[in-house]
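Trainee: In order, the protein sequences belong to chains A and B.
The opening position of the first sequence corresponds to residue 7 in the numbering used here, with each subsequent residue numbered one higher.
The opening position of the second sequence corresponds to residue 306 in the numbering used here, with each subsequent residue numbered one higher.
I should point out that these hints are in silico values taken from the structure, not numbers from a laboratory.
All of these numbers come straight from a predicted model, not from anything done at the bench.
A portion of the hints provided could be inaccurate.
[To be verified] Calculated cross-link-like contacts (lysine to aspartate or glutamate; reagent style DMTMM-like; alpha-carbon spacing at most 25 Å): (1) A:K427 to B:D478; (2) B:K442 to B:D387; (3) B:K389 to A:E241; (4) B:K405 to A:D318; (5) A:K158 to A:D135; (6) A:K327 to B:E341; (7) B:K329 to A:D318; (8) A:K427 to B:E456; (9) B:K507 to B:E553; (10) B:K411 to B:E341; (11) B:K507 to B:D387.
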Amino acid sequence: MPDYLLTTSPQMAKRHARHTRFQWYGRIAIGISISFMLLMFTAIFFRGIGAFQKTMVAVDVQFTESQIDPSGARDATSLKQANYKPILLQGLQQVIPGATERRDRNNLYKILSNGAAFDLGERVANNPDLIGTSERVWVAASSEVDLYVKGKIDPEEIPEELRRLKDQDIAWVEILRASGQIKKKFNTAFFTSGDSRNPEMAGILSAALGSFFSLLICFLIAFPLGILTAVYLEEYAKKSRLTDIIEVNINNLAAVPSIVFGLLGLAIFLNFFNLPRSTPLVGGMVLALMTLPTIIIASRSILRSVPQATRDAALGLGASKTQTTFHHVVPLAMPGMLTGTILGMARALGETAPLLMIGMVAFIVDVPKGVTDVATALPVQIFLWADSPEKGFVELTSAAIMVLLTFLILMNIFAVYLRKKLERRW
Amino acid sequence: MSTDMQAKQPIMTARNVDVFYGKKQAIDNVSLDIPENQITALIGPSGCGKSTFLRCFNRMNDTIQICRVKGDIQFAGQDIYDPKVDVVALRSRIGMVFQKANPFPKSIFDNVAYGPRIHSLSESKDHLEDIVITSLKRAGLYDEVSDRLDEPGTSLSGGQQQRLCIARAIAVDPQIILMDEPCSALDPIATAIIEELMDSMKEKYTIVIVTHSMQQAARVSQQTAFFHLGELVESGDTEAIFTNPEQERTQNYISGRIG
Chain A
7 MPDYLLTTSP
17 QMAKRHARHT
27 RFQWYGRIAI
37 GISISFMLLM
47 FTAIFFRGIG
57 AFQKTMVAVD
67 VQFTESQIDP
77 SGARDATSLK
87 QANYKPILLQ
97 GLQQVIPGAT
107 ERRDRNNLYK
117 ILSNGAAFDL
127 GERVANNPDL
137 IGTSERVWVA
147 ASSEVDLYVK
157 GKIDPEEIPE
167 ELRRLKDQDI
177 AWVEILRASG
187 QIKKKFNTAF
197 FTSGDSRNPE
207 MAGILSAALG
217 SFFSLLICFL
227 IAFPLGILTA
237 VYLEEYAKKS
247 RLTDIIEVNI
257 NNLAAVPSIV
267 FGLLGLAIFL
277 NFFNLPRSTP
287 LVGGMVLALM
297 TLPTIIIASR
307 SILRSVPQAT
317 RDAALGLGAS
327 KTQTTFHHVV
337 PLAMPGMLTG
347 TILGMARALG
357 ETAPLLMIGM
367 VAFIVDVPKG
377 VTDVATALPV
387 QIFLWADSPE
397 KGFVELTSAA
407 IMVLLTFLIL
417 MNIFAVYLRK
427 KLERRW
Chain B
306 MSTDMQAKQP
316 IMTARNVDVF
326 YGKKQAIDNV
336 SLDIPENQIT
346 ALIGPSGCGK
356 STFLRCFNRM
366 NDTIQICRVK
376 GDIQFAGQDI
386 YDPKVDVVAL
396 RSRIGMVFQK
406 ANPFPKSIFD
416 NVAYGPRIHS
426 LSESKDHLED
436 IVITSLKRAG
446 LYDEVSDRLD
456 EPGTSLSGGQ
466 QQRLCIARAI
476 AVDPQIILMD
486 EPCSALDPIA
496 TAIIEELMDS
506 MKEKYTIVIV
516 THSMQQAARV
526 SQQTAFFHLG
536 ELVESGDTEA
546 IFTNPEQERT
556 QNYISGRIG
């Protein structure tokens with residue numbers, strides 16, 4: 007018997023070669039995209055990871071009554087606002103002798119963060135019994151010291167005149183370090199405070215909450231509107247010239263650059279309706295405008311994929327159009343519509359341009375408590391920090407990007423989970 | 306037997322029915338009577354319009370935007386295309402079983418209970434359960450699924466799914482059941498079960514079945530209508546049509562020369 011299955015003709019060999027070659031094209035393409043992604047993630051990770059730690063300096067503080075509360079009234083507000091700079095300085099001078107000149111004293115104090123005095127004020131106001139005692143207090147170091155301790159400023163490499171941290175400052179830091187008065191700890195402030203001019207005090211909470219409130223508004227507006235529009239267009243509207251025009255325009259809207267939606271929000275929501283500027287309310291409304299076409303298009307394609315047999319079955323039993331739609335078609339389409347919505351919102355979460363137009367780009371220190379408080383958003387915060395001259399903001403920028411990416415990935419995972427969980431086979 | 310049939314008043318009459326899809330005419334001037342408590346088979350080659358004609362009886366063609374129906378179709382003496390007719394009520398009197406079994410992605414129980422629920426046919430939970438069980442029994446499915454009523458209807462075999470769809474249609478208590486090639490996706494055993502079922506169902510219901518299988522039409526129906534190219538070529542007693550057709554086209558079709 008001839009071995010038909012084992013003989014290969016030249017054409018066969020060519021076909022196999024083409025097959026193999028094409029597979030390799032695909033693998034190479036995937037390899038390139040994955041390596042770019044890894045490169046991006048590792049770069050951001052190594053730049054940003056430092057921001058999750060913060061350098062602290064131990065100062066032995068004597069809470070002398072004459073300095074803090076000369077009147078002895080123990081009034082919380084005045085305790086907070088008292089001048090803690092001298093007692094912090096005294097604490098530092100115990101370890102670092104010789105800094106007695108006015109200029110040296112100022113430089114010595116600059117080892118500590120501007121926030122250190124506020125921190126002490128909080129502490130004393132909360133516990134007035136501290137007055138008259140002495141205690142070792144850990145306060146935040148300044149951003150420059152922080153960077154030096156983390157090894158991000160190399161005094162060998164950068165000449166002294168180009169550094170903010172002079173040789174003498176470095177010597178002082180080394181003294182403190184030698185006496186065990188410098189340590190790094192987890193940077194809780196990054197997650198619990200708003201923006202600040204000082205990198206060591208700046209946090210992401212204000213921006214994260216701003217993003218959260220904006221997305222909440224965006225969801226509340228875009229989800230029902232988008233779903234209802236899609237259901238109406240797909241299930242009820244008779245095909246006509248008008249529905250064709252609407253369809254084309256929805257597709258066009260999906261392609262409109264997001265900054266245009268920002269301009270629209272500025273012109274209509276702010277200038278015409280006089281809604282409060284820089285608030286998640288308006289931000290969310292603008293993002294909703296931007297997300298709507300995406301949700302409508304995704305929902306319509308999902309509705310279209312619901313088999314006609316399901317509609318026929320319900321209609322054949324005497325269900326009305328609305329019963330058919332809401333008992334059978336929409337429940338079947340819901341997982342897909344939710345996925346489309348979440349992906350649209352994930353895009354909205356990363357959107358900066360429209361928010362710039364409606365003033366969510368302001369320097370906001372306070373943490374917003376509601377949708378009408380002024381706020382900024384995560385991507386805008388990243389933009390603001392990336393734009394700041396202080397070196398300490400570099401790692402904050404990367405850290406904020408990590409937070410934003412984490413949120414995006416979580417949202418996408420949630421979308422996949424919803425789809426898997428709710429999906430039923432038809 | 307044939308005199309007995311003629312004596313009965315037809316439950317449904319179609320007179321001079323034309324159906325258009327856009328500009329294309331799918332049904333041309335068809336008149337047909339559907340006798341009560343009998344099985345009427347509509348046969349003909351693919352694309353001859355038999356399904357389109359069937360879908361006129363419960364106005365399922367309404368869902369197709371470009372479809373227009375002209376002519377007069379009466380159900381129990383009432384013009385079903387009268388603008389005052391409530392399609393929902395009409396379809397609860399005239400049920401339908403489709404070519405491809407299309408159970409809802411819900412439990413077996415909910416599949417059957419859906420019709421009674423939307424038409425508020427049950428007074429209580431027990432009553433609803435009663436309706437569901439009776440319908441499943443009539444569809445000859447109860448014994449096979451009695452212990453798994455809460456499992457999805459889509460988990461059943463093809464033949465069982467089709468019987469579930471029949472049970473679902475019965476649950477609304479219609480007078481007529483339209484069947485659009487109900488066995489075309491089933492194996493011979495499942496087909497035989499459904500044919501047997503139809504035979505027992507005709508005591509209580511009037512059945513109109515579209516089929517492309519002449520043997521099936523010969524086996525189950527008492528009346529047969531042969532369609533060709535959108536026209537009704539011939540209709541009458543099944544026995545007469547298959548043994549002694551009047552028209553040459555019918556002769557050609559049943560002997561396999563066109564199709």
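Trainee: For which of the previously enumerated hints does the structure constitute a violation, in increasing order of number?
Mentor: 1, 2, 5, 6, 9, 10, 11
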